[in-house]
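Protein chains in written order, with the working numbering: chain Z, 3 to 37; chain E, 16 to 460.
Watch out, some of these pointers could steer you wrong.
As the list claims (entries may be wrong) - Calculated cross-link-like contacts (lysine to aspartate or glutamate; reagent style EDC-like; alpha-carbon spacing at most 16 Å):
hint : chain 1 : residue 1 : chain 2 : residue 2
1    : E       : K25       : Z       : E12
2    : Z       : K11       : E       : E449
3    : E       : K18       : E       : E47
Unchecked claim - Where chain Z lies over chain E, by a calculated footprint (3+ residues, C-beta under 8 Å):
hint : region
4    : 253-259
5    : 374-383
6    : 388-400
Claimed, not checked - Label pairs and their computed distance ranges (CB to CB):
hint : chain 1 : residue 1 : chain 2 : residue 2 : range
7    : E       : K30       : Z       : T15       : 22 to 32 Å
8    : Z       : T15       : E       : S323      : 23 to 33 Å
9    : Z       : T15       : E       : E287      : 38 to 48 Å
10   : Z       : T15       : E       : K284      : 29 to 39 Å
11   : E       : E269      : Z       : T15       : 48 to 58 Å
12   : Z       : T15       : E       : L352      : 48 to 58 Å
13   : Z       : T15       : E       : S139      : 48 to 58 Å
14   : E       : S39       : Z       : T15       : 47 to 57 Å
15   : E       : K457      : Z       : T15       : 17 to 27 Å
16   : E       : D55       : Z       : T15       : 43 to 53 Å
17   : Z       : T15       : E       : K256      : 41 to 51 Å
18   : E       : Y94       : Z       : T15       : 13 to 23 Å
Simulated from the structure, these hints should not be mistaken for laboratory data. Yeah, the Cβ is synthetic: ideal placement off N, Cα and C, and Gly gets one too.
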Amino acid sequence: MELAKLSLKEAITGLKSKKFSQTNWPKRFLEKLRL
Amino acid sequence: MAKAVFGKIKTLEPKIEAYLLLTSDLAQKQAEKADRLIADGQVSSQLTGVPAAIKDVIVTKGIRTTAGSKILEDFTPPYSATVYEKLETAGVVVVGKTNLDEFAMGASTENSAYKITKNPWDFSRVPGGSSGGSAAAVAADMAIYSLGSDTGGSIRQPASFCGVVGLKPTYGRVSRYGLIAMASSLDQIGPITKTVEDAALVLNEIAGYDPCDSTCVDKESPDYTSFLKPIIKGAKIGVPKEFFGEGVDLQVAEAIKKAISRLESLGAKIIEISLPRTKEAISVYYLIMPSEVSANLSRYDGIRFGSSRDKFGPEVKRRIMLGTYALSAGYYDAYYLKAAKVRTLISQEFKGAFKKVDVIVGPVSPVLPFKIGERVDNPLQMYLADILTVPVNLAGLPGISIPCGLVSGLPVGLQIIADHWQEGKIFNVAYAYEQNFPFREKPKL
């Protein structure tokens, strides 16, 4: 899927799922554990 | 995503010419900032990190803003429009400033002092106007969404011509602070998007009271996505017989009638209505709008913005002269005042109609996208392109254009109009149509 062809809604979903699921959830999860 | 959009721009911009300015350095910084916000879980808006284009009549601090005019060729605004500030706060990635008819005066971008934007569906045709650059950029995937402005149809008509969604909100719903004024009682900023849902998402972000704009109404904006329901059973949809009268292309009329039948098949009740003042709307509009133009553009006096008035294009000069004449002593009562009275009648006529129906539907443009150069020497013919959109501005109502089909390979837009502050009803009907009869065609680029 070409990123430029995404609708805004698809872009929102894509950005969130990509960033949160692949990279940042573990980091945030670990930070929460430390707390 | 910003890289992907700039990739499209690299390939397509030389052919389409949708942009007056590309802001790739700024976009990169904004994208990196958005990445950090997303990574840190600090996102406050759904729009964070999504690349957007801004019509070059909306002032952007530190970014050249020309309004498509040579008179503002070197103008870098010292402040930002409220809508742009809102998007900046949301974490927008600005791709660039889009082309338009000079000071938003036109229906084709042919009045731009810089370039003519091409319709992505057929490069020999206009994209509509005045937000032609904004609509073409979205249609060609050179922006995920864009902002336009609509004074007499300047969001809806280019959206119709380019096969995308364009919403003109109720007058007073979105702040005009920082929108370079053309006709202050008619102008309104709105989104141009790929889907109806996207329009609701952008409106959620830009709507709301702004003390910097005295005409912006202090009224709560609902969550527009809550109206996105695919069911319209029982909705009362008015079809004005005047919207299919003389001058409306038969193929366009057929496409709209098919769309209306589809709405009926979803359970909507179709009611024929009459808006007899429609025929007067163009005359009224072309008195009120130039009168406001002549007042608004007097600030370009050759001193404050540094450029000579010789730099105004012919259409701008024409409208300043028409307006100055209509407002001049001895003619004011006969022209401006009379037009203002008929404007009230047009507004009352809509009010009467909305006692009987939830929304009104019809074509956006009476014709298909026309060839570049076809109408440029005939201002009157060009003005007639606005005949079905200007009544909405005169009454201050919200209206949307959604793509409803192709005729001879060119998109046709269905216009849906609601009463003041009833954008929700528009979103309901537009979303139901889109979900049940999706427009999947894309320009072959």
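Hints and how they fare:
1. Between E:K25 and Z:E12, the direct Cα distance comes to roughly 23 Å. Violation of the 16 Å bound is thereby established for this hinted pair.
2. Among the hinted pairs, Z:K11 with E:E449 is consistent with the structure: their alpha-carbon atoms are about 15 Å apart, no more than 16 Å.
3. The straight-line distance between the Cα atoms of E:K18 and E:E47 is roughly 12 Å, inside the 16 Å bound, and the hint therefore holds.
4. Requiring three or more residues with a Cβ within less than 8 Å of a Cβ of chain Z, the coverage given for the region 253-259 of chain E is violated, as only 0 such residues are present.
5. With a cut-off of 8 Å between beta carbons, the region 374-383 of chain E has 0 residues touching chain Z; three or more are needed, and the interface restraint is violated.
6. With 0 residues carrying a beta carbon less than 8 Å from a beta carbon of chain Z, the region 388-400 of chain E misses the three-residue requirement, and the given coverage is violated.
7. For E:K30 and Z:T15, the Cβ-Cβ distance of about 30 Å falls inside the hinted range of 22 to 32 Å, so the restraint holds.
8. A hinted range of 23 to 33 Å for the beta carbons of Z:T15 and E:S323 is inconsistent with their spacing of about 51 Å.
9. Look at Z:T15 against E:E287: about 41 Å separates their beta carbons, and that is inside 38 to 48 Å.
10. As the Cβ distance of Z:T15 to E:K284 is approximately 35 Å, the hint placing it in 29 to 39 Å holds.
11. For the hinted restraint 48 to 58 Å between E:E269 and Z:T15, the CB-CB distance of approximately 37 Å leaves it violated.
12. At about 53 Å, the beta-carbon gap between Z:T15 and E:L352 stays in the expected band of 48 to 58 Å.
13. The hint said 48 to 58 Å for the Cβ distance between Z:T15 and E:S139, and at roughly 37 Å that hint is violated.
14. For the hinted restraint 47 to 57 Å between E:S39 and Z:T15, the CB-CB distance of approximately 25 Å leaves it violated.
15. Restraint check, E:K457 to Z:T15: a C-beta distance of roughly 20 Å satisfies the suggested window 17 to 27 Å.
16. Look at E:D55 against Z:T15: about 19 Å separates their beta carbons, and that is not inside 43 to 53 Å.
17. Restraint check, Z:T15 to E:K256: a C-beta distance of roughly 43 Å satisfies the suggested window 41 to 51 Å.
18. Against the hinted window of 13 to 23 Å, the Cβ-Cβ separation of E:Y94 and Z:T15 comes to about 34 Å, which falls outside the hint.
Of the numbered hints given earlier, the model fails hints 1, 4, 5, 6, 8, 11, 13, 14, 16 and 18; all others are met.
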